[in-house]
Every structure is written in structure tokens, then in C-alpha cells.
Amino acid sequence: NFGNERWLGSVGAKAGAVVKAARILAAASGNIVSTCTNDTDGLVKAAQACGSSVVALLGTGRGAAGGSDDPQVRGEVNKSLANATNHTLALLAAAKTARDTLDSQKQMTQLAERVADSIMVVVTAARKL
Numbered sequence: 011n012f013g014n015e016r017w018l019g020s021v022g023a024k025a026g027a028v029v030k031a032a033r034i035l036a037a038a039s040g041n042i043v044s045t046c047t048n049d050t051d052g053l054v055k056a057a058q059a060c061g062s063s064v065v066a067l068l069g070t071g072r073g074a075a076g077g078s079d080d081p082q083v084r085g086e087v088n089k090s091l092a093n094a095t096n097h098t099l100a101l102l103a104a105a106k107t108a109r110d111t112l113d114s115q116k117q118m119t120q121l122a123e124r125v126a127d128s129i130m131v132v133v134t135a136a137r138k139l
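Going by the numbering used here, the sequence shown opens with residue 11, and the numbers climb by one from there.
Rather than coming from a laboratory, the hints here were simulated on the basis of the structure.
None of these values were measured; they are calculated from a predicted model.
A couple of the hints might just be wrong.
Pairs of lysine-lysine, DSS-like flavour, derived with a Cα cap of 27 Å [as the list claims (entries may be wrong)]:
hint	residue 1	residue 2
1	Lys-30	Lys-138
2	Lys-89	Lys-138
3	Lys-106	Lys-24
Let the sequences and hints guide you as you build the complete structure.
Spelled out as C-alpha cells, the structure:
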């Protein structure tokens with residue numbers, strides 16, 4: 011739905027809700043890294059939490075952006091949301107094939123850092139709302 015211009019997300023959401031959703035996603039993505047190589051059940055739960063968190067971030071972010079009168083700010087928020095979502099999806103995809111090796115752990119850490127960086131961009135954009 012995010013690509014659909016008509017989807018408004020959580021109408022009436024405020025910047026604070028976006029920041030809260032971003033924090034939850036950050037924690038969930040960290041759990042992906044810590045469970046991906048040694049805890050299958052934990053990974054499933056972490057992946058579900060991460061998926062739910064990114065959906066919540068998209069909804070609150072899109073809703074909050076829709077409340078802005080400034081098209082540039084709306085664009086910044088929406089672009090940052092799309093970027094964070096793409097990085098989160100890449101992390102989830104990599105977690106499916108992660109192994110308990112140094113290279114795999116390095117890759118997962120790099121992907122998680124990209125998620126964290128993109129979340130910070132979302133928070134920065136949301137603070138302009």
C-alpha cells in the first residue's frame with residue numbers, strides 16, 4: 011500500500027508516534043542480528059516483530075507526513091520511510107540464510123547498521139513535522 015499515493019497511513023499520527031515506532035523497529039532489527047545464527051525460534055519471533063514494527067512505522071509515518079502543509083517535508087518523510095523499509099527487508103532476507111560464520115555475522119551487522127542509519131533519517135525527517 012505504501013506505493014499507492016491514496017494510502018494515507020494512520021491519519022492524524024503525530025511526529026512523536028513516528029519516533030516511537032522508529033525506536034521499536036530499531037530494537038526489533040537488533041534482535042534479528044542477535045538471533046539469526048543460533049536461535050531459530052527466536053529468529054522467527056524477531057522477524058515477526060520486525061515486520062510488524064516496519065508496518066507500524068510506515069503507517070504512522072505516512073499519516074504524520076500527510077498532516078504537514080509542506081510538500082518538501084512530506085517528501086522527505088516518505089522517502090526516508092521507503093528507505094528504512096527497503097533496508098529492513100534486506101536485513102530480513104539475509105537473516106533467512108545467515109550462518110554462524112564470521113562473514114555472515116559481518117554481513118548481518120552491516121545490514122543492521124544500514125537499518126539503524128535509515129531509522130535515524132526517519133526520525134530527523136519526522137522532527138520537521
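- Provide an ascending list of the numbers of those earlier hints which the structure does not satisfy. As far as the earlier hints go, only 3 is violated by this structure.
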